[in-house]
Every structure is written in structure tokens, then in C-alpha cells.
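Trainee: Protein chains in written order, with my numbering: chain A, 1085 to 1317; chain B, 4 to 174.
Please note that the accuracy of each hint is not assured.
What the hints assert, rightly or not - Sample of chain B residues with no beta-carbon within 10 Å of chain A, all distances over it, derived:
(1) R83
(2) K85
(3) R120
(4) R132
(5) D170
(6) E171
To be verified - Derived lysine to aspartate or glutamate pairs resembling EDC-like cross-links, with alpha carbons at most 16 Å apart:
(7) K51(B) x D79(B)
(8) K85(B) x E12(B)
(9) K154(B) x E1103(A)
(10) K25(B) x D1097(A)
(11) K25(B) x D1144(A)
(12) K151(B) x D1099(A)
(13) K1314(A) x E1248(A)
(14) K154(B) x D1262(A)
(15) K25(B) x D1145(A)
(16) K25(B) x E39(B)
(17) K151(B) x E1101(A)
(18) K154(B) x D1099(A)
(19) K154(B) x D1144(A)
(20) K25(B) x D43(B)
Unchecked claim - Here chain B is said to cover these stretches of chain A; the calculated rule only asks that three of the stretch's residues, wherever they fall, bring their Cβ under 8 Å from a Cβ of chain B:
(21) 1096 to 1108
(22) 1145 to 1153
(23) 1299 to 1305
Keep in mind the hints are simulated off the structure, nothing from the lab.
Built from N, CA and C at the ideal position, the CB exists for glycine as well.
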Amino acid sequence: MTDAAIIALMYADIDGELEGEGRAVLARRLLEDPECRALYNELQGLCQRLDALPLAAVPDDLRTTVLAQLPAPPLRARTPRLVPRFSGQRLAAVAAGVGVLVGMAAWLHAGSLGRAGTAEMAGTMLAYAPTRTTRLVSAPLPPAVGAGRVALVRTAAGLALALEVDAEHRSFELQVSDAAGPVALGAPIPAAGFPNGVRPLPATVSSAAPFTVSFRSQDQLLGTVVLDGKSGR
Amino acid sequence: MVRRSLAGERGAFDLLVVRYQKPVYNAALRMLHHREDARDAAQTAFLKAYEHLGKYDHGYRFYSWLYRIVLNEAIDVLGRRKGTDSSAVEIVDEAPGPEAIASGDQSLQALEQALQRLPAEQRAVIVLRHHLQLSYEAMAETLGLPEKTVKSRLYDARQALRVLLRDERVV
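Make a model of the complete structure from these sequences and hints.
Mentor: Shown next as C-alpha cells:
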């Protein structure tokens, strides 16, 4: 395995996203190689410092300025260009080509040259076509943590926990408990961080049985939420 | 809240702004390293989100859609600043960010400066992962890229940061 591949495994582990064989390979290397351990510590330190970068206070008038500028009849304006530009001109060209093909297919199906909205729909599909995640059940967060919800979702990779936490919240750690016992879920989340996103659940957690999500802060239990994917509650 | 906003409840959209203004503004600030530009980018992002809320697919995460809008907005600003390739290195201010100064931590200040030396697309993945705390999957959803590409870009960004920090003898 190349150095780059090992470093990639280290980053994935630090991000809490390394599973299965990769984790075993990394554990073996860390056990055998002191240089590898030193490198892991360096990378972990870098990531921790990035996590710790302080956040700025929001300008007082941001919210009021936005609200004051909302158009009177909402949601009726023209579509802006929201296709991501991260992949550069090549992606844009491919997207345009696909858009034309989809538009032509829709036109042929409709049998009408003047049918409005087909090209717009194709553009929308391209602009907003991320991986689909199915939400099975959700519940409000414990009040001691902050406002928001926690949800059990099914992703392409399996079951996961999705956090939708408001900007203001306490620092906390997540723990999932099912019949197999408690398991910590990812790294502690600082109060300044935005934890919204999905965290893969251990394979022992099933959508067919209720399980408990505990929110902790320095060994103090902030609250628990029970999610039951089967009941859909 | 999104559905209520769509139904014309401005109060519901107000709640969305309250909920997301901090991450949206900070994402713009990290990308642009300029308070006024970040404020404008965040403001424009919310207005665009409101304007196009009807096109938002409820099967996806709202914040992914919103973060994508603000990142695109920030990249537009970077492009306008340079008038050329927005993915090129863009340095507005050599000084550390106000938050790093306030913290008084020199290594954080160096990190802030190194971040500003990254290309915009690498800075974006650092923002999504470390400031917005998104998973790989949510980052891929936000950027509209395969997860593999996101991991690779995050790897490149972190390695570039290591080199920059080492050059400044911080690591």
C-alpha cells in the first residue's frame, strides 16, 4: 500500500468514516510502525485545529436585510444559474448536452414545440440531483442540546443518523444504544461547530427495532431520543 | 418550515434564516476572507433560496441545497475579484481573520492564512468538512460530486495545507 493510500485511510479514520478492512489495515500499520503513528498524530492535530478555528458572529442586520428584500409574490422569479461550477467548463458542457437531450426527449414526448417548462425542468434536475437519502423517522432534539431534530435515514451505504441542529447548540457527544450495547458515534461536536450531516450507524442497529440516541457532554447526560424505524414515528 | 415558506409564510422563511445564518455567513467568510463580501454573499444566497424554493426537492437535505447556493455565490465573488479563473489562488488580505486574532493563537492565525492560499474548490471542501461539519456523503450532495471525488479533493486540500504550514514552520 502506498504512502498516499495510508494517509487517505488516516484521514478517513480521523473523519470517523473508515470502516471494515480499511480500519483493520490502518490499525495494523499503526501498531507496527512508529513513523506511521507520528504521522497519524500530525494529521489528527491538523484536523483538530481546523475544527477549532473560531467562527464569526453574524452581522446584526443580515436577517433584517434579507427579510426586507424578499419579493412580494414569493417564488415566482426566473431561475438563476445554480449548476455547481466546481468541475469547470467540462462539467458545464456535459450538463448542457444532457439538458438538451432531456429537453428534446420531453419535447418529442409532448409532441409540441411550444410546450413551456421542459428545458427548465431538465436544468433543475441537473442542478439538484444529489444522492437520495430516505428519512425513516425523526424526533426533536433534547432541549438541553438545542433546537432541531435527529433522524434515522437510509443512505446508499446503509442506515445513518442525520442531525439537523440549529446554529446555536451545546457541545455534545453522540452515543447509540441498541441490543448490542452503547456505541460512541463520531468525534465530540463542539458548541461552535455545525453538526448537520449524516453519521453512519453501527451494523448492529436495525430499522426494525427501536434504539436510543444519547446526547452527552463531559459524562453528563443531556438527554435521549428513541428512534423506531419500524413504527415510522 | 420550507413547506410553510412555500405556502407564502414569510415568518417561516424568517425561521430558516435564523437557523442557517451563522453557518451560511461563516461559510462565505471562510471562502472570501472579507466581512462585507461575506455578508453580501450570504444575503444573496438567502434571497436566491427564497426565490427558487419552489424548485427545491424535499427528498434532499435543505441545508445541502442552501450551502451549495452560498458556495457558488462566493465563487462568483472570487471570479469577479480576479476577473479570471475563480479556482486560482485568491488572497484578499494577508492578515489573519478577526476571529483568529481575537483568539490570540498564532498557529490558528497561520492556519487562517494558509487556508486563504488554497484554490477555491479546495477551500470549499475544508469549509464543508471542518466548519459545517458535513459527512462525506453530505459534502458530495452539496457539491453535486461523487463521494470519491470529494474525498480526493479533501485529501489534496489537507495535504496542501500541511505543505503551506510546514513552509511557515508551524507544523
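Trainee: Could you run down the list of hints and mark each one as holding or not?
Mentor: Now the hints, each set against the structure:
Every CB of chain A lies more than 10 Å from the CB of R83(B), the least distance being 13 Å, so the non-interface label holds. For K85(B), the condition that its CB be more than 10 Å from all CB atoms of chain A holds, with the nearest at approximately 14 Å. The Cβ of R120(B) sits about 14 Å from the closest Cβ of chain A, beyond the 10 Å cut-off, so the non-interface label holds. Against chain A, the non-interface label of R132(B) is violated: not every CB pair exceeds 10 Å, the least being about 7 Å.
For D170(B), the condition that its CB be more than 10 Å from all CB atoms of chain A holds, with the nearest at approximately 14 Å. Residue placement check: E171(B) keeps its beta carbon more than 10 Å from all beta carbons of chain A (closest about 13 Å). Between the alpha carbons of K51(B) and D79(B) the distance comes to roughly 14 Å, so the proposed pair stays at or under 16 Å and holds. Proximity of K85(B) to E12(B) is assessed by CA-CA distance (about 39 Å); at most 16 Å being required, the pair is judged violated.
For a cut-off of 16 Å, the pair hint linking K154(B) to E1103(A) stands: about 15 Å separates their Cα positions. For the given pair, K25(B) sits about 28 Å from D1097(A) by alpha-carbon distance, which is inconsistent with the 16 Å threshold. Note on K25(B) and D1144(A): the hinted pairing holds, with a Cα-Cα distance of about 11 Å set against a maximum of 16 Å. Annotation: proposed proximity of K151(B) to D1099(A) holds, straight-line Cα distance about 14 Å (limit 16 Å).
Distance restraint check for K1314(A) and E1248(A): the Cα-Cα separation of roughly 21 Å exceeds the 16 Å cut-off, and the hinted pair is therefore not satisfied. Distance check on the hinted pair: K154(B) and D1262(A) sit about 30 Å apart at the alpha-carbon level, beyond 16 Å; violated. For the proposed pair K25(B) and D1145(A), the alpha carbon gap of about 13 Å is at most 16 Å, so the pair holds. A distance of roughly 15 Å separates the Cα atoms of K25(B) and E39(B); the hinted pair therefore holds under the 16 Å criterion.
Proposed proximity of K151(B) and E1101(A) is supported: the alpha carbons are some 13 Å apart, at most 16 Å. The hinted pair formed by K154(B) and D1099(A) meets the criterion: a straight-line CA distance of about 11 Å does not exceed 16 Å. Distance restraint check for K154(B) and D1144(A): the Cα-Cα separation of roughly 36 Å exceeds the 16 Å cut-off, and the hinted pair is therefore not satisfied. The hinted pair formed by K25(B) and D43(B) meets the criterion: a straight-line CA distance of about 14 Å does not exceed 16 Å.
Beta-carbon proximity to chain B at under 8 Å applies to 3 residues in the region 1096 to 1108 of chain A; the threshold of 3 is reached and the given coverage holds. Check result for the region 1145 to 1153 of chain A against chain B: holds, 6 residues qualifying (beta carbon to beta carbon below 8 Å, three or more required). Under the rule that three or more residues need a Cβ within less than 8 Å of chain B, the assignment of the region 1299 to 1305 of chain A is violated, with 0 such residues.
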